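There are 2 protein chains.
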Amino acid sequence: MKIGVIGLGLIGGSIAKEIKIRSISSIEVYGYDNNDKHGALALKNQLIDRICNLDILLAECDIIIIAIPINKILEVLPALLDKVKMDQVVIDTGSTKQSICELIKDHPKRDRFVAAHPLAGTENSGPNAAIMDLFKGKKNIICEENKSTPEALKQAIRLFEFLGMETYFMEPEDHDKHMAYVSHLSHVSSFILSQTVLNIEKDEKQIFNLASTGFESTARLAKSNASTWSPIFEANSKFLVVALDQYILNLQKMRNFIHEKQIDEMNAVMANANKIKSVLKGITKSPMNKL
Amino acid sequence: MKIGVIGLGLIGGSIAKEIKIRSISSIEVYGYDNNDKHGALALKNQLIDRICNLDILLAECDIIIIAIPINKILEVLPALLDKVKMDQVVIDTGSTKQSICELIKDHPKRDRFVAAHPLAGTENSGPNAAIMDLFKGKKNIICEENKSTPEALKQAIRLFEFLGMETYFMEPEDHDKHMAYVSHLSHVSSFILSQTVLNIEKDEKQIFNLASTGFESTARLAKSNASTWSPIFEANSKFLVVALDQYILNLQKMRNFIHEKQIDEMNAVMANANKIKSVLKGITKSPMNKL
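Chains as they are written, first to last, in the working numbering: chain Z, 1 to 291; chain R, 292 to 582.
FYI, nobody ran anything at the bench for these hints, they're computed from the structure.
Hints should not be assumed to be uniformly reliable.
Unchecked claim - DSS-like mimics (lysine-lysine), calculated; alpha carbons at most 30 Å apart, straight line: (1) Z:Lys202 to R:Lys427; (2) R:Lys566 to Z:Lys72; (3) R:Lys568 to Z:Lys44; (4) R:Lys493 to Z:Lys136; (5) Z:Lys277 to R:Lys376; (6) Z:Lys136 to R:Lys572; (7) R:Lys568 to Z:Lys277; (8) R:Lys493 to Z:Lys238; (9) Z:Lys202 to Z:Lys154.
Stated by the list, open to error - Not close to chain Z: a few residues of chain R, all C-beta gaps over 12 Å, as computed: (10) Ser314; (11) Asn336; (12) Lys376; (13) Arg401; (14) Thr509.
Bear in mind that the values here come from a model prediction, so they are computed numbers and not experimental data.
Glycine is no exception: its CB is placed at the ideal position from the N, C-alpha and C atoms.
Produce the entire structure from the sequences given, and follow the hints as far as they go.
Next comes the structure, spelled out in structure tokens:
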């Protein structure tokens, strides 16, 4: 079997590495990256067996995994599906699903495609960020599962199971709406926290001295790659703007409680926010890899 | 030597435990907590050698460490200093310093007091949150060091060195201003992120399914104790409101870029925010314990 990975960064590189190192059957991993340096690095880091161009990857691979920024997926997916044969499966890993599903909804080979979003990542990027166990115990979302052939769907689910993921099904709109709150909003809040603190604390040495692990935790996502995230924010603009408006409104209320030193009101907000404990417990104690 | 710890939660409990377990000289650790259950738990968890009332602690201890919420420090500190003898040292650990220093600036025994803020913590609270190595490799701030006797100052610095901390000196106003940005703002952003997501995602199961480690990281501080943080927000209201106004303004700008799908502007914000990498590197690779 041959698996082709398009985009050899954090997600694509980690999928490739996991297959190459852990697979028991004989699988050859082909890789393509439009950045030649990334391609060479992925080969050097042994994430893939061979680097090739898109035509060869499309001609030879049984499963094709697309792990590039959302805007690039939208650019390449229709032409890629045009060339796909009826025994091939194309799986994407994009962080928003509505615009992708909408774009190819009438494509004659829509059923060879599986719209997926493995919920895993770190703030690092590029082939050097590829690591083992990135997906282990995490969740995977597949959208519009009925629009893929049962056999394509089965192959995709098997792949994500191999990575240690449990797959859930959601409609693209629900997926994007929820992700606006539980992922994209966190990223914006972290980027802007970082921006605000850097702007004020021009003398970076001072931040270094005073910032503690609490700040590190909330600002961690601000290390994320802009070229990954601006297309996500663009694609999910509608839901993310609603989430941000709510966040800003709640911040403004808390700002006023703090300004007026209204202790009871502050306490009520924080007591409510504390309920996140039980939710976070679920994340940190995620289910074990079933493989 | 006898050391008395007032407040046996995360900070006080961790200081007591560290002294009790790691001290090579013969030190007896006295503990007081206005919550009887916390006192009993601290004794049961062997954080302290004995539990006592405030009068006994004040009468018998050489060093008195105050580790209670800011508003409680402001309540008890003047009366406590009234009773302190000239060979005793009182050290507080409060997260804001201006209101405390202002309150006792004319107290006849001001020089027995050292205004400190060990920059360490977790989102957990109470005696069960007390852990070893909480302070190791972290920074400690002492304010108005010239208002303490050289000998009181020396004893305080030695204590924080024993805990593995490096001490820096700052004026209270500078301390509070910087903490507004690198600690208090992070806490507000995290509390409100959690509140916003919980409000929208009424079905908590959905958050559980979709939230990943990125969300966990930014929402972690929302688990923090309201009774610790509302007095901090109140005491640092002036600087924190300025920081929040700047944060909200920057969020509003980013919200507009996302709404208008202005990719270049989003990228510029994120590229700037990425500069936090070098700062965070300093936090995670904090200097080794010098002891």
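Checked hints:
This hinted pair checks out: lysine 202 of chain Z and lysine 427 of chain R have alpha carbons roughly 27 Å apart, not beyond 30 Å. A distance of roughly 26 Å separates the Cα atoms of lysine 566 of chain R and lysine 72 of chain Z; the hinted pair therefore holds under the 30 Å criterion. For the hint pairing lysine 568 of chain R with lysine 44 of chain Z, the CA-to-CA distance comes to about 26 Å; that is within 30 Å, so the pair holds. This hinted pair checks out: lysine 493 of chain R and lysine 136 of chain Z have alpha carbons roughly 27 Å apart, not beyond 30 Å.
Between the alpha carbons of lysine 277 of chain Z and lysine 376 of chain R the distance comes to roughly 44 Å, so the proposed pair goes past 30 Å and is violated. Of the pairs offered as hints, the one joining lysine 136 of chain Z and lysine 572 of chain R holds, with about 26 Å between alpha carbons and a cut-off of 30 Å not exceeded. At roughly 28 Å between alpha-carbon atoms, lysine 568 of chain R and lysine 277 of chain Z fall within 30 Å of each other, so this suggested pair holds. For the hint linking lysine 493 of chain R to lysine 238 of chain Z, the alpha-carbon distance of about 20 Å falls within 30 Å, and the restraint holds.
Proposed proximity of lysine 202 of chain Z and lysine 154 of chain Z is contradicted: the alpha carbons are some 53 Å apart, above 30 Å. Even its closest Cβ contact with chain Z, about 25 Å, leaves serine 314 of chain R beyond 12 Å, as expected for a residue assigned away from the interface. No Cβ of chain Z approaches the Cβ of asparagine 336 of chain R within 12 Å, the least distance being about 21 Å, so the stated non-interface status holds. A cut-off of 12 Å between C-beta atoms confirms that lysine 376 of chain R is not in contact with chain Z; the least separation is 34 Å.
The Cβ of arginine 401 of chain R sits about 25 Å from the closest Cβ of chain Z, beyond the 12 Å cut-off, so the non-interface label holds. Some Cβ of chain Z comes within 12 Å of the Cβ of threonine 509 of chain R; the nearest lies about 4 Å off, and the non-interface call is violated.
Consistency note: the structure conflicts with the earlier hints numbered 5, 9 and 14.
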